[in-house]
Amino acid sequence: MENFEAAVIRSRTSAYCFATWDLVFITIWRLSATEASFVEMNRVAREFIAAGPRRVSYLSIVEGSAPPPPDVARAELARFSRDVVPQMAVAVIVAEGGGFRASFVRGVGIALTMLMPHKVPFKFAGSVQQGAVWIAPHLSPGSGGAVALDRAVEDLRAKIAVPQSPFRALVAR
Numbered sequence: 016m017e018n019f020e021a022a023v024i025r026s027r028t029s030a031y032c033f034a035t036w037d038l039v040f041i042t043i044w045r046l047s048a049t050e051a052s053f054v055e056m057n058r059v060a061r062e063f064i065a066a067g068p069r070r071v072s073y074l075s076i077v078e079g080s081a082p083p084p085p086d087v088a089r090a091e092l093a094r095f096s097r098d099v100v101p102q103m104a105v106a107v108i109v110a111e112g113g114g115f116r117a118s119f120v121r122g123v124g125i126a127l128t129m130l131m132p133h134k135v136p137f138k139f140a141g142s143v144q145q146g147a148v149w150i151a152p153h154l155s156p157g158s159g160g161a162v163a164l165d166r167a168v169e170d171l172r173a174k175i176a177v178p179q180s181p182f183r184a185l186v187a188r
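Per our numbering, the very first residue in the sequence shown carries number 16; after that it's consecutive.
The hints are simulated quantities; they were obtained by calculation from the structure and are not laboratory data.
Just so you know, not all the hints are guaranteed correct.
What the hints assert, rightly or not - Pair by pair, the computed Cβ-Cβ distance ranges are:
id : residue 1 : residue 2 : range
1  : Ala176    : Glu20     : 17 to 23 angstroms
2  : Pro152    : Pro101    : 16 to 22 angstroms
3  : Ser155    : Arg58     : 19 to 25 angstroms
4  : Val87     : Gly157    : 41 to 47 angstroms
Yeah, the Cβ is synthetic: ideal placement off N, Cα and C, and Gly gets one too.
Kindly generate the complete structure, drawing on both the sequences and the hints.
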């Protein structure tokens, strides 16, 4: 795929990364979400939606290291679900880290959808590849489809990888 386009990082901390690629708003959650991180997510998503001529999609990856958000942060997540997601073509959440954890993340998403039903309920994928397939019909022509989206996420993850300290490498031996 010679004309591969990388995702553009819009905001990043050690806990999260918010990026855009084609018509997709991507969030990667690594550590605990806070109220401030969800406020930032809302801001970045609204800017991305406002800048585009077409409806965007949402791909959220909740890594196995990310604990559930505290109650105060969930209020901002609910605001995102109520105010931002209905403006999107599709919203996909990928919960990594095993069965119980994936079930918990799915439960939070379903609860948000049930409390604030709207025309774009969250879909829950078992992998980024599956989520990319669901988003593919909403991508720009010539974007490269699901394969290119999956590659953009892999590339993004490589860019935001936490460098391993030399001490940690010695302990692992």
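Legend entry - Distance restraint evaluation - Val87, Gly157, Cβ atoms, bounds 41 to 47 angstroms: holds, 43 angstroms
Inset, instruction - Hint says 16 to 22 angstroms; check whether the CB-CB distance for Pro152 and Pro101 agrees. - result: holds, 18 angstroms
Inset, instruction - Could you say whether the range 17 to 23 angstroms given as a hint is met by the Cβ separation of Ala176 and Glu20? - result: holds, 20 angstroms
Legend entry - Range hint 19 to 25 angstroms (beta carbons of Ser155 and Arg58) holds or violated: holds, 24 angstroms
Going down the numbered hints, you'll see the structure goes against none, and every one checks out.
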